[in-house]
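Peer 1: Sequence:
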Amino acid sequence: MVVVGEIINFILWACILLLLARFVIDWVQVLSRSWQPKGFVLVICEAVYSVTDPPMRAVRRVIPPIRFGGMALDLSPMVLLIGLYLLQIVNAQIFFR
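Taking the working numbering, I'd label the letters of the sequence shown as residues 1 to 97.
Just so you know, these hints were derived from the structure itself, not from any lab.
If a hint is listed, it holds; no wrong ones were tucked in.
Simulated restraints, written as ranges between beta carbons of each label pair: (1) Val2 / Phe23: 26 to 34 Å; (2) Arg33 / Asn9: 36 to 44 Å; (3) Leu81 / Ala47: 13 to 21 Å.
Please read all numbers here as calculations on a predicted model, not as lab measurements.
Here a beta-carbon is modelled for each residue, glycine too, at the ideal position from N, C-alpha and C.
Let the hints inform the model, and build the full structure from the sequences given.
Peer 2: Shown next as structure tokens:
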């Protein structure tokens, strides 16, 4: 059972790292509007967005972005990150007692 717990823990850590990579990519795009990834970086960015978009869209359906006049605060990345950390805690309690 420990092996199953380790595999689940690895998958959760990979998801957390992909979500953090998406944070970085999004902030680079916000701070440098003219930045467009090319070559290998484009492949990495596309992979990160392909993996993180479906769960973020699902969370956005439940918790829509909060509007502040002309801007919106998207809570889906934070909710996903907290959810992944909670899943890691549950995984540790189940498999590593």
